[in-house]
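Colleague: First residue of the sequence shown? That's 45 in this note's numbering, and the numbers climb one at a time after it.
If you're looking for bench data, these hints aren't it; they were derived computationally from the structure.
Check before you lean on any hint, since a few could be wrong.
[To be verified] Computed spacing ranges between beta-carbons, pair by pair:
1) Leu182 / Gly307: 17 to 25 Å
2) Asp134 / Pro286: 49 to 57 Å
3) Asp206 / Leu182: 25 to 33 Å
4) Gly304 / Ser388: 22 to 30 Å
5) Asp206 / Ala379: 40 to 48 Å
6) Ala164 / Met196: 26 to 34 Å
7) Pro312 / His397: 34 to 42 Å
8) His187 / Asp239: 19 to 27 Å
None of the values given here were measured: they were computed from a predicted structure.
Every residue, glycine too, gets a C-beta built ideally from N, C-alpha and C.
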Amino acid sequence: MPVHVPGCAAIAGSQRGAQTAARCDREELVVRFAVIGAGALGTLYAAHLARADHEVQLFARGARAKRIRSHGIRVCGSADFTTDVTVVTDPAAVEPVDALILAVKTYDTADALRPLANLAVGCAFSVQNGVGKNLALLGHWGHAHVAGAISMVGGEVTTANDAPDGPLDVRYDMAAPTLLGALESDGPDVPPIVDALRDANLAAEVRADIVSVEWSKFVGWSGVSALAALTRLPTATFLSAPETALIAARVMRETAAVAGALGIDLDPTGMARAEVLQGTEAEAVDALLDQGRRMRANAPLFRQSILQDADRGRPLEVNETLGHTQSEGARLGVATPALDFCCSVLRVVSAAHAASG
Numbered sequence: 045m046p047v048h049v050p051g052c053a054a055i056a057g058s059q060r061g062a063q064t065a066a067r068c069d070r071e072e073l074v075v076r077f078a079v080i081g082a083g084a085l086g087t088l089y090a091a092h093l094a095r096a097d098h099e100v101q102l103f104a105r106g107a108r109a110k111r112i113r114s115h116g117i118r119v120c121g122s123a124d125f126t127t128d129v130t131v132v133t134d135p136a137a138v139e140p141v142d143a144l145i146l147a148v149k150t151y152d153t154a155d156a157l158r159p160l161a162n163l164a165v166g167c168a169f170s171v172q173n174g175v176g177k178n179l180a181l182l183g184h185w186g187h188a189h190v191a192g193a194i195s196m197v198g199g200e201v202t203t204a205n206d207a208p209d210g211p212l213d214v215r216y217d218m219a220a221p222t223l224l225g226a227l228e229s230d231g232p233d234v235p236p237i238v239d240a241l242r243d244a245n246l247a248a249e250v251r252a253d254i255v256s257v258e259w260s261k262f263v264g265w266s267g268v269s270a271l272a273a274l275t276r277l278p279t280a281t282f283l284s285a286p287e288t289a290l291i292a293a294r295v296m297r298e299t300a301a302v303a304g305a306l307g308i309d310l311d312p313t314g315m316a317r318a319e320v321l322q323g324t325e326a327e328a329v330d331a332l333l334d335q336g337r338r339m340r341a342n343a344p345l346f347r348q349s350i351l352q353d354a355d356r357g358r359p360l361e362v363n364e365t366l367g368h369t370q371s372e373g374a375r376l377g378v379a380t381p382a383l384d385f386c387c388s389v390l391r392v393v394s395a396a397h398a399a400s401g
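Start from the sequences and build out the full structure, keeping to the hints where you can.
Modeller: Following this line, the structure appears as structure tokens:
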């Protein structure tokens with residue numbers, strides 16, 4: 045999967061030719077990445093990988109594409125650097141890659157992937173929210189070229205649309221791992237991708253139980269994202285209050301019950317640990333309050349991506365994430381009252397945002 049750089053004359057004249065030549069001299073390996081989506085996650089991955097001299101094509105549009113192409117990306121927080129990144133605005137211009145990272149909003153997935161249907165991809169994976177994200181990738185490239193993934197990375201684009209010329213500023217709030225794994229035994233070669241992420245100072249690891257890992261993260265994500273959008277508060281703040289921690293715990297427990305009905309064993313770590321999902325509600329609240337204390341110390345400003353969208357008046361990822369669990373619960377006969385309430389409110393908010401443009 046990685047490209048051995050000494051044979052890279054074909055790209056020597058590209059925007060990143062000088063950096064590639066340096067890697068040629070060191071006789072190292074380069075992985076060719078396409079990052080689809082220039083939000084916080086997409087730009088963080090693209091910037092780190094480009095700084096490490098991997099070949100990166102970042103698909104972006106409009107003013108953001110122009111800003112990145114002209115001035116690069118400036119990362120601050122858990123890492124501090126500025127780097128140039130190759131920007132592609134025409135999907136037809138994306139060149140074959142070893143790895144494709146899908147980082148658009150879930151409701152934009154079909155539109156983002158449609159023009160890329162004939163793209164040669166070694167391994168495609170999604171760092172989007174939810175557990176339905178792999179289906180679209182499988183429809184385009186099949187099990188042999190699709191890996192499951194979760195990203196624990198957190199950040200936020202802080203450059204306003206009307207800001208003066210300069211790099212796109214991205215705050216890097218959570219320098220946490222990316223976990224990758226083949227969905228089937230005939231899946232893609234994942235370790236070289238993990239090695240490339242590590243080479244770019246992004247924590248990463250291979251997981252054989254990636255479906256369990258994806259659902260386990262989704263359990264925690266569901267609770268904190270629902271409450272983030274409802275309260276409009278940073279995660280550390282609402283996890284530090286018993287009242288909101290209780291609602292988050294109920295959403296997590298209902299999501300875990302749906303996973304159980306689907307026959308999925310959860311990884312008992314993070315917010316999917318036993319105290320949250322199997323103990324009493326009081327024990328679950330205590331565990332989340334403890335998580336809130338840790339976040340106050342380590343990531344007090346971290347805001348879920350759904351909150352960032354809500355604050356900017358954008359549509360919310362409800363139907364593709366929380367709504368997916370709600371539908372599966374109804375199909376399987378699993379009651380989800382807390383989740384039902386959250387979905388009802390957030391759908392109204394999302395529709396209002398969409399109507400206002």
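Colleague: Quick one: are leucine 182 and glycine 307 within 17 to 25 Å, going by C-beta?
Modeller: Given about 19 Å between the Cβ atoms, the range holds.
Colleague: So the hint says 25 to 33 Å: do the beta-carbon atoms of aspartate 206 and leucine 182 match that?
Modeller: This hint is violated: roughly 40 Å between Cβ atoms.
Colleague: Hint says 40 to 48 Å; check whether the CB-CB distance for aspartate 206 and alanine 379 agrees.
Modeller: holds (47 Å)
Colleague: For the hint 19 to 27 Å, verify it against the beta carbon of histidine 187 and that of aspartate 239.
Modeller: holds (22 Å)
Colleague: Between alanine 164 and methionine 196, is the Cβ distance one that fits in 26 to 34 Å?
Modeller: holds (29 Å)
Colleague: CB of proline 312 to CB of histidine 397, is that within 34 to 42 Å?
Modeller: holds (36 Å)
Colleague: Could one say that the CB atoms of glycine 304 and serine 388 fall in the range 22 to 30 Å?
Modeller: holds (24 Å)
Colleague: Is 49 to 57 Å a correct range for the gap between the Cβ atoms of aspartate 134 and proline 286?
Modeller: holds (51 Å)
Consistency with the previously given hints fails for number 3 only.
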